[in-house]
Amino acid sequence: MSTHEHHDHGHDHSHGHAHDHTTFQPDIKEPSEEWEFLEIALRELLIDKGVITAREVQDQIEAWERKSPEGGARVVAKAWTDDGFRQRLLEDGNAAVAEMGFEIEALKLVALENTDDLHHMVVCTLCSCYPRPLLGVPPLWYKSREYRSRAVREPRAILAEFGTELPETTEVRVVDSTADCRYLVVPRRPDGTEGMSEAELAALVSRDSMIGTATAFAPDGEGRSG
Amino acid sequence: MTERAISDLGGLPGGPIDTAEHEPTLSERRVDAMMMLLRAKPRSFWATDENRRTIEGLEPKTYAESAYYERWVLAMRGLLIEKGVLSETEIEAKLSEVRARHAEAGQ
Amino acid sequence: MTGPYSIGAKVKVSQGLPPGHVRTPLFLRGREGEVIRHFGDFPNPERLAYGLSGLPKLHLYQVLFTMDETWEGDGAYAPGDTVTADIYETWLEPL
Chain A
1 MSTHEHHDHG
11 HDHSHGHAHD
21 HTTFQPDIKE
31 PSEEWEFLEI
41 ALRELLIDKG
51 VITAREVQDQ
61 IEAWERKSPE
71 GGARVVAKAW
81 TDDGFRQRLL
91 EDGNAAVAEM
101 GFEIEALKLV
111 ALENTDDLHH
121 MVVCTLCSCY
131 PRPLLGVPPL
141 WYKSREYRSR
151 AVREPRAILA
161 EFGTELPETT
171 EVRVVDSTAD
181 CRYLVVPRRP
191 DGTEGMSEAE
201 LAALVSRDSM
211 IGTATAFAPD
221 GEGRSG
Chain B
1001 MTERAISDLG
1011 GLPGGPIDTA
1021 EHEPTLSERR
1031 VDAMMMLLRA
1041 KPRSFWATDE
1051 NRRTIEGLEP
1061 KTYAESAYYE
1071 RWVLAMRGLL
1081 IEKGVLSETE
1091 IEAKLSEVRA
1101 RHAEAGQ
Chain C
2001 MTGPYSIGAK
2011 VKVSQGLPPG
2021 HVRTPLFLRG
2031 REGEVIRHFG
2041 DFPNPERLAY
2051 GLSGLPKLHL
2061 YQVLFTMDET
2071 WEGDGAYAPG
2081 DTVTADIYET
2091 WLEPL
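Residue numbers (this note's numbering), protein chains in the order written: chain A, 1 to 226; chain B, 1001 to 1107; chain C, 2001 to 2095.
It is worth saying that the hints were derived from the structure and are not from the lab. Just so you know, these numbers come straight off a predicted model, no measurement behind them. Hints are all accurate, no fakes.
Distance windows between CB atoms, simulated:
no.: 1; chain 1: C; residue 1: Met2001; chain 2: A; residue 2: Ala98; range: 21 to 29 Å
no.: 2; chain 1: A; residue 1: Ser197; chain 2: B; residue 2: Ser1096; range: 52 to 60 Å
no.: 3; chain 1: A; residue 1: Asp117; chain 2: C; residue 2: Pro2004; range: 29 to 37 Å
no.: 4; chain 1: A; residue 1: Glu91; chain 2: B; residue 2: Pro1016; range: 35 to 43 Å
Here are some chain C residues pointing at chain B (derived, C-beta under 7 Å):
no.: 5; residue: Pro2025
no.: 6; residue: Leu2026
no.: 7; residue: Phe2027
no.: 8; residue: Ala2049
Capping the alpha-carbon separation at 27 Å, the derived lysine-lysine pairs in BS3-like fashion look like this:
no.: 9; chain 1: B; residue 1: Lys1041; chain 2: A; residue 2: Lys143
no.: 10; chain 1: B; residue 1: Lys1083; chain 2: B; residue 2: Lys1061
no.: 11; chain 1: A; residue 1: Lys67; chain 2: B; residue 2: Lys1041
no.: 12; chain 1: B; residue 1: Lys1083; chain 2: B; residue 2: Lys1041
no.: 13; chain 1: C; residue 1: Lys2057; chain 2: B; residue 2: Lys1083
no.: 14; chain 1: B; residue 1: Lys1094; chain 2: B; residue 2: Lys1083
no.: 15; chain 1: A; residue 1: Lys49; chain 2: B; residue 2: Lys1041
no.: 16; chain 1: A; residue 1: Lys108; chain 2: C; residue 2: Lys2012
no.: 17; chain 1: B; residue 1: Lys1094; chain 2: B; residue 2: Lys1061
Glycine included, every Cβ here is placed at the ideal spot set by N, Cα and C.
Use the sequences and the hints to build the structure in full.
Written out as structure tokens, the structure is:
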């Protein structure tokens, strides 16, 4: 799909589902679970009663599919290369990303900069708050009971599970997204990336590096920067 | 500590994190899309916080055992009834019809 | 205008266990932290949750806690690690 689908263990699972909705006739798969019947019932009732239209549902699904971590990666790459933008992003996230055409309705976008001394990692212990306009749909693990439970207490163990080793002298700051803010982590710019274009840099910015469970990719193609 | 809300998880013990990627299914996308449409302008049937409150109000067993979008569709059902958009009777009638239709198609 | 708390203020999170929808996580109740950011004011989510207007708006702060203050050694973190949460003014007490 993209360079952001990078986890070593990321692919095995998805194959089982990969064809469910890419066939020419997605409805052909029979719903099997009770909640799927409920989805159908509610949708058909709402459409029959004129509350919503089938077209709107389809348009909404397509609008969602257009949002992906590539958006966030473009924002990060711009922050790495344009210091004025970087400062505006850290000061007022909504206004800064609006310059690039991203609309964050009603919520406050807060960009957090990772440095050698400070590493932010975002979680929502109460639900699953996530900056969808910039990162798309949250990964399942972000919404999982395990991540939401453990992140605030065992951040170093979680980082290790993600293959992210940070020195003890780097403060790991777990940011619990409990309210009206949505957090975007600006990962530390990897070494050896001087002179790279914004587009080349954006390719180094993984989804997980913008959540803070990972760092940005190193330019040599390795999974992580040092 | 007995008053912990079912959704308030910070600090609880847990196993390793399954980082497998998952492409959302069509049912999941539709639940998500409907939720956004019902919540957003111009309909604004409910606020995000009402949705959260409804999810937290699910039976603890249901909350623990149901998948993410399953909780969403259950909350949506509750809120549509609460807000008078749909009645419980018509939802149950429609649900029977949908089940019957798919049982037939499955034969 | 940063509401009742200024940046750097030492605060304590209320200990309460109110019923209903709450946006302050249990693990921080009764803990002492420092206000590091003021986000502005927002409708009260604990009222919005019941179909109310959420007015008057509440000031919202990012509050920083040390892992040690929060977990007293029982966790997987380094000595300087921290955790923050976004907490509405009604949940904070001055220290």
